[in-house]
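Chemist: Given next are the chains, with one letter for each unit.
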Amino acid sequence: MENHDTENSLFDLSIDETAKDHLRRICSWSMIIVITAVIGYVVAIIKALMPKTEVIQSEGFGVSVGAGQNLGSVIFGIIIGLLVNYFLYQFANLTKKGVNGMSQTDLNAGFYNLKIYFVIISILVIIVLAIVLLAGLTIGANATTK
Amino acid sequence: MEENQSILELLVDQTASKNLSDASRWARFLSITGFVCMGVMVIFFIAMQSQITSALSQVIPGLTDLDSFGALVAVIIIVAGVLGLLMFFLFRGSTLIKKGIETKSQDMFNRGLASLKAYFITYGIISIAGLISNLVSIF
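Respectively, the protein sequence lines represent chains V and Y.
First residue of the first sequence? That's 1 in the numbering used here, and the numbers climb one at a time after it.
First residue of the second sequence? That's 147 in the numbering used here, and the numbers climb one at a time after it.
Hints in this document: simulated from the structure, not taken from any laboratory.
Predicted model only: the values in this text are computed from it and were never measured.
Treat the hints with care, since some could be wrong.
[What the hints assert, rightly or not] Cross-link-like lysine to any residue pairs, in silico, SDA-like; alpha carbons within 20 Å at most:
#1 V:K97 x Y:E248
#2 V:K96 x V:D21
#3 V:K20 x Y:S279
#4 V:K47 x Y:I267
#5 V:K20 x V:M102
#6 V:K47 x Y:L154
#7 Y:K164 x Y:E248
#8 V:K20 x V:D106
#9 V:K20 x Y:T161
[What the hints assert, rightly or not] Anything over 12 Å on all C-beta distances counts as not near chain V; from chain Y, calculated:
#10 E155
#11 D159
#12 T179
#13 F191
#14 Q197
#15 I198
[Unchecked claim] Derived list of chain V stretches under chain Y, where covered just means 3 residues or more per stretch with a C-beta under 8 Å from a C-beta of chain Y:
#16 16-24
#17 33-47
#18 72-84
#19 94-102
Virtual Cβ for every residue (Gly too), placed ideally from N, Cα, C.
Looking at chain Y on its own, in the form it has when it is part of the complex:
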């Protein structure tokens, strides 16, 4: 009975292994690029802090430089936090899936899929939030 089940099981065969390894490699590249871009963005905001806060105070009347700075820091923390989480899940997922395939470790492969799932869930939530804000901005 068990033998029959294993024959009928879906496998990560040579084709699937190759495709998943390639996908993991590109996903890993994306996540590392994401981390680097995030770092550059934070450095840029810190360097241009005074110009951005004064521009914000000009665009939004009644907003002091201190308020603008506070708003800027809040936005940076939220954006960096969400993007960092997204890139972390993608990095972890791609690394574990690749390692799982290389070492033929079922547990590592499953943990990689769990991280990839977390990445797609986070991405989905961000997409829904983006769509809602887009819809709200129309009206």
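Looking at chain V on its own, in the form it has when it is part of the complex:
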């Protein structure tokens, strides 16, 4: 069994210089994504606190356009966004530490956070698609009964 484990580790893939370079770039861009997202949340709060709606008049018809969003929905969106971006930040931070400090533990923790990041986004996508599908079915059912 021990021999088998040793054999396995000998044939493991390695993080060579090319892989390290790719990982460093991935981490840098992930950090950029996290920073832009956080600035975006601040902007979203500012926009939510601004006047709510404006009415565009065109040829006698008043078309109401939502210029600002509800503060509650903005905060809800920010909480979910922060959760997702926390894992992206952890991935970038730990992977960079692992690659630069040659730490296998940090590298593995970084990859774990990348997995969680994709899992959370996928679950959110599934929830959104289910809601859209349900809304579509409800509208369709209402249209056929009328």
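Assemble chain Y onto chain V, guided by the hints.
Modeler: What follows is chain Y alone, placed relative to chain V:
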């Protein structure tokens, strides 16, 4: 010397392989969902084309139906192109990383990481563009 270096090398060990394989599986699911959503969106716009163009002409005065149609087609092409590229990089990256781990192919694994890098670069550029447009809309 070489032996010492290989001992000190970072490895894609069992834990890393499992985490990366799982991440690749979910990333692949995301990319396929993205492609399907994009297709549905394009079909929806084609089906609702006349309603959307007339609504656009009402909202923006002075815009004819033909102008609205042109603007709509341009927006669809840009959005579908950018999202398609993003999903392509994610799909390619996840597939190559998973295959690389399964077949223990260093070259395939590195190409997968390169595609994942391209995905994060594209995503980063889109994020920066989105933030700039958001900032501009405040003023």
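Chemist: Between K47 of chain V and I267 of chain Y, does the CA-CA distance stay at or below 20 Å?
Modeler: violated, 27 Å
Chemist: Can the restraint linking K20 of chain V and S279 of chain Y be considered satisfied, given a maximum Cα separation of 20 Å?
Modeler: The given pair, whose Cα atoms are some 34 Å apart, is violated under the 20 Å limit.
Chemist: Hint check: K97 of chain V vs E248 of chain Y, CA-CA at most 20 Å. Holds or violated?
Modeler: violated, 26 Å
Chemist: What's the verdict on K20 of chain V and T161 of chain Y, does the C-alpha distance respect the 20 Å limit or exceed it?
Modeler: This hinted pair holds, its Cα atoms lying about 18 Å apart.
Chemist: Does D159 of chain Y really sit off the interface, with its C-beta more than 12 Å from all C-beta atoms of chain V?
Modeler: violated, 6 Å
Chemist: Checking one constraint from the list: CA of K20 of chain V to CA of M102 of chain V, max 20 Å. Satisfied?
Modeler: At roughly 10 Å apart (the allowed maximum being 20 Å), M102 of chain V and K20 of chain V satisfy the hint.
Chemist: Mind verifying the non-interface call on T179 of chain Y? Its CB should be farther than 12 Å from each CB in chain V.
Modeler: Contrary to the label, T179 of chain Y does not stay out of reach of chain V, its closest Cβ about 6 Å off (not over 12 Å).
Chemist: Checking one constraint from the list: CA of K164 of chain Y to CA of E248 of chain Y, max 20 Å. Satisfied?
Modeler: Judged against 20 Å, a Cα distance of about 10 Å means the pair holds.
Chemist: Can you tell me if the region 33-47 of chain V counts as covered by chain Y, using C-beta to C-beta distances under 8 Å and a minimum of three residues?
Modeler: holds (count 9)
Chemist: Would the hint linking K96 of chain V and D21 of chain V be met if the CA-CA limit is 20 Å?
Modeler: holds, 10 Å
Chemist: Against chain V, does Q197 of chain Y hold up as non-interface, every C-beta pair farther apart than 12 Å?
Modeler: Check passes; 15 Å lies beyond 12 Å.
Chemist: Does the claim that E155 of chain Y lies outside the interface with chain V hold up, using a Cβ gap greater than 12 Å?
Modeler: E155 of chain Y is in fact no farther than 12 Å from some Cβ atom of chain V, at 5 Å.
Consistency with the previously given hints fails for numbers 1, 3, 4, 6, 10, 11, 12, 18, ordered from lowest to highest.
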